[in-house]
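Asker: Now for the letters of each chain:
Number of protein chains: 2
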Amino acid sequence: MTNYFSSNFKLGILGGGQLGKMMLYETRKYDITTYVLDPSFDAPCRLACNHFETGDLLDFDTVYHFGKKVDVLTIEIENVNVDALDKLEQEGITVYPSASTLQTIRNKGKQKEFYQQNKIPTAPFIKFANKAHLAEGITNNRVKLPFVWKSTEGGYDGKGVSVIKSGKDVAQLADTECIAEEMIDFKNELAVIVARSPKGEVKTYPVVEMEFHPEANQVEYVICPARIDDQVAKKAIAVALQVSEAYQHVGLLAVEMFQTQDDEILVNEVAPRPHNSGHYSIEASYTNQFEQHIRAVLDLPLGATESKVAGIMVNLVGAEGYEGDVIYQNIAQIMSMDGVTPHIYGKKQTRPFRKMGHVTIVNKDIAEARKIAEEVKNTIAVVSEKKRIKI
Amino acid sequence: MTNYFSSNFKLGILGGGQLGKMMLYETRKYDITTYVLDPSFDAPCRLACNHFETGDLLDFDTVYHFGKKVDVLTIEIENVNVDALDKLEQEGITVYPSASTLQTIRNKGKQKEFYQQNKIPTAPFIKFANKAHLAEGITNNRVKLPFVWKSTEGGYDGKGVSVIKSGKDVAQLADTECIAEEMIDFKNELAVIVARSPKGEVKTYPVVEMEFHPEANQVEYVICPARIDDQVAKKAIAVALQVSEAYQHVGLLAVEMFQTQDDEILVNEVAPRPHNSGHYSIEASYTNQFEQHIRAVLDLPLGATESKVAGIMVNLVGAEGYEGDVIYQNIAQIMSMDGVTPHIYGKKQTRPFRKMGHVTIVNKDIAEARKIAEEVKNTIAVVSEKKRIKI
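For the record, the sequence lines run as chains P and Z.
Reminder that position 326 of the first sequence reads as 326 in full-length UniProt numbering, one-by-one numbering, no gaps.
Reminder that position 105 of the second sequence reads as 105 in full-length UniProt numbering, one-by-one numbering, no gaps.
Derived from the structure by calculation, the hints contain no laboratory data.
The reader is advised that the hints may include incorrect statements.
Repeated chains share a single entry, so a pair holds when one copy, or any two copies, can fit it.
[Stated by the list, open to error] Here are the simulated lysine-lysine pairs, DSSO-like style, with alpha carbons at most 30 angstroms apart:
{"id": "1", "residue 1": "K69", "residue 2": "K386"}
{"id": "2", "residue 1": "K165", "residue 2": "K355"}
{"id": "3", "residue 1": "K235", "residue 2": "K364"}
{"id": "4", "residue 1": "K203", "residue 2": "K364"}
The structure presented is a predicted model; accordingly, all values stated were derived computationally and were not measured.
Sequences are here, hints too, so could you generate the full structure?
Answerer: Below, the structure written as C-alpha cells:
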C-alpha cells in the first residue's frame with residue numbers, strides 16, 4: 001500500500017471552495033500532502049493545503065500542468081476541464097472521479113440519457129439543442145406545460161434551472177442546450193450519498209430529506225435520517241447503489257431523488273463529490289463525508305456510515321438586501337443552543353443567497369433537533385453593516 | 001460582542017504542536033484569524049493558521065512582540081515566558097489562561113502549595129530547593145521511601161518525574177528544585193476537563209479513566225466515561241470544579257486525579273489547555289475540547305459537554321528501536337475496524353516514545369469500544385524503514 005501519511009505522496013484537489021476546505025480538515029488529520037487549484041486567491045482552501053495555486057479550472061493547460069504534479073487528483077467542483085483529466089489519466093495519473101464519469105455527470109443532458117440507458121428511474125425529459133428548438137417543442141406540443149427547464153451545462157445551486165409555466169416564460173431563458181423535464185409531483189426530495197473505492201468496497205449513508213427555499217432554490221434543511229417509511233428508504237438506497245454501480249464511480253456520489261406521491265423513487269441528479277446534503281455527517285456520523293471521500297479516492301477502507309445521533313443542517317445564505325463585509329448576526333445566541341455548531345466558510349463578502357456557511361444541529365431526538373433547527377434559522381442572519389441601497 | 005467570524009479579530013496561540021494543530025481545525029471552522037508562534041519551522045501548526053512565526057517561546061521579547069499583534073492570546077503549551085504575558089495583560093491584551101494562573105501551574109511546587117492553600121485534596125509532599133537538600137531529607141527520614149520525585153519546572157509527558165525506591169536512585173536525578181510526593185496506592189487515574197469562560201459560565205466533561213504505559217509513563221488508553229461508581233464520578237467532578245474556581249481559570253483546565261483505595265479523590269496535576277485526556281471528544285462529544293477552548297477564551301457560550309457515544313483514545317507513540325522517517329504500519333487495517341479514526345500529528349521523524357498521533361475508537365457499547373481499542377493497539381505500529389542500530 002502507498003504510504004499516504006506524513007509522506008511524499010501528493011493529493012491534488014481541483015477547486016478551493018467550502019467543500020475543499022472541509023476536505024482539508026481531513027487531510028490535515030491524516031497529514032496527507034495536498035495541492036489545491038482555484039481561480040480565486042481568497043478561496044476558502046488557501047489555508048490548510050500544502051500548495052495553493054490560482055488558475056482557471058476550465059483551462060486545459062492549467063489543469064493538465066497542475067495534475068502532473070500530484071499522484072491522485074480529485075475534485076470539489078464538477079466544472080473543470082475534463083479533456084485535461086482524460087490526458088492525465090492516459091499518462092498514469094489517478095483521477096477520481098474519472099474523466100468519463102465527470103463528462104457524463106457535468107452535462108445534465110448526458111446525465112439524463114445515461115439514466116435511460118442504464119434503466120435508472122428518472123423523470124421523463126426531452127433534450128433541445130437551443131432555445132428556438134425548445135420554443136418549437138412547446139408550440140407543437142411535444143413539451144407540456146408546466147415543465148422544468150435545465151441548461152445542460154454550468155448549472156449550480158439553482159442557477160440554470162427554471163420552472164416554465166407558460167410559453168412566454170421562455171423568453172427570459174438563456175439560449176443554450178437544455179432539457180425540458182416533466183414536473184414531478186413529489187412528496188419528498190431525498191438524497192443518498194454512496195461511497196465507493198477503486199477495489200469496489202461500497203457503503204451508503206442513511207437517506208436524508210431535503211427542504212428547499214422556495215425562492216432561492218437552495219437547500220434550507222437537510223434532515224438525517226429522513227422521516228419516511230422503511231420501505232421507501234430501502235428503495236432509495238437500492239436506486240442510489242444502482243447509480244453508483246452504473247457509473248463505476250470512485251469517491252462519493254450524492255444521489256438526489258424524488259419520492260413521488262405513489263412512493264416511486266426517481267433520480268433527479270447526482271454530484272460526484274462531497275455534497276451539501278452530507279454536511280450533517282461532520283457532527284452526526286461515525287465517518288463524515290469528507291473523510292470518507294478521502295478514504296475512497298485513496299483506496300483506504302471505508303468508514304462506518306451510520307449516525308451517532310440525528311442531524312439537521314441549515315444553510316447560511318446571505319440575507320436579501322445585504323451586500324458587503326459579512327456579519328453573522330446573533331451567532332453567539334445560536335451557539336448557546338443545544339448541539340448547535342456553525343460552520344463559517346470564510347467568504348469575507350456577503351450577497352443575497354450566497355452560500356456563506358451552514359449550521360448543524362445534532363440531538364438524540366430528531367423532533368427536538370428539528371425544533372432547534374427552526375430556532376436557529378429564525379435567530380441567525382447573514383448580513384452586512386449597511387443595507388444595500390437598491391437603485 | 002466582538003465579531004470574531006470572518007473579521008479582523010486576531011487570536012494568538014503560543015506553541016504550534018499537535019494541540020495547536022487540532023485547535024486550528026476549529027478556528028478554520030469558524031474562520032477566526034490566527035497567529036501562531038513556535039520554535040520549529042516544521043511545527044504541526046505551520047499550515048492552517050493565518051500567520052506563523054518561528055521564535056523562542058521562553059524569550060521575553062519574542063513572546064511580548066508576538067502578543068502585541070493579537071487581540072486575545074492563548075497557549076497550547078505551558079512552557080512560555082510568563083513575564084511577557086504579565087506585561088501584555090498590563091497593556092490591555094487579553095491573555096487566557098492568565099499570567100498568574102500559568103505562573104502557579106507551570107511550577108509543580110507552586111501548584112501543590114496552591115492546592116494546600118485552597119484546601120484542595122492532593123497527595124502529601126515536601127519541596128526541596130535542590131538535590132542535596134532532597135538527599136538530606138531522605139537521610140534524616142523526613143521523606144519516606146518509596147516516593148515520587150518531580151522536578152518543579154520543565155516536566156512534560158513523564159519527563160521530570162521518577163519513582164524513587166532507594167536512596168541510591170537519587171544519584172541519577174537532575175539537580176533542580178523538586179518535590180517529593182507520597183506514593184498513592186490508587187485504584188484509578190481519572191481526569192475531568194473543566195471549561196470556564198470570562199463571564200463565569202462553567203461546564204465539565206464526563207470523568208475519564210486513564211491507563212499509563214508502564215515504562216514510558218505516557219497515557220496508553222483514555223476511556224470515556226470512566227467505568228467507576230456514580231458517587232466517585234460526582235466527587236471527581238466536584239473536586240475539578242473546586243480547582244477551576246480556585247484558579248478563576250478561563251479556557252480549559254484538565255484536572256488529573258487519583259481515586260484512592262478508599263475512594264478518595266486527590267488532585268495530581270492540572271493542564272490549563274486542551275489535553276491528551278480530552279482527545280476522545282473530537283469524535284465522541286457534542287462539543288470537542290478544542291472548540292470548547294476557543295469558545296471559552298473568546299467568551300462565547302460554552303457547548304454541550306455530553307457524549308454522543310462512548311470514546312476510547314489510544315496514543316500513537318514511536319516504537320522502541322526505530323528512529324527516522326515515520327511509517328504508520330498497518331494503519332489501513334485499523335481503519336477497517338468499526339468507529340476507528342487515526343489522527344496523525346504530522347511529525348515526519350519518529351523516535352522511541354515520541355507522541356506521533358492518536359487513535360479514537362467510538363461505539364455505542366463501551367465494552368465493544370474497549371475490545372476494538374486493544375485490537376488497534378496490537379495492530380498499528382509507529383516505525384521507520386530501518387531499525388535503529390544500537391551502538
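Asker: Classify it for me, K69 with K386: is the Cα-Cα distance of at most 30 angstroms met within a copy, between copies, both or neither?
Answerer: Answer is between: at 28 angstroms across copies they meet the 30 angstroms cutoff, but 44 angstroms inside does not.
Asker: Can you tell me if K235 and K364 fall within 30 angstroms by alpha carbon in one copy, between copies, both or neither?
Answerer: The answer is both: 25 angstroms in one copy and 27 angstroms across copies each meet 30 angstroms.
Asker: Is it within a copy, between copies, both, or neither that the alpha carbon of K203 lies no farther than 30 angstroms from that of K364?
Answerer: both (23 angstroms within a copy, 20 angstroms between copies)
Asker: Reference check for the pair K165 and K355, CA-CA at most 30 angstroms: within, between, both, or neither?
Answerer: Within one copy only: 28 angstroms inside a chain, 64 angstroms across chains, cut-off 30 angstroms.
The structure fails none of the hints (numbered hints given earlier).
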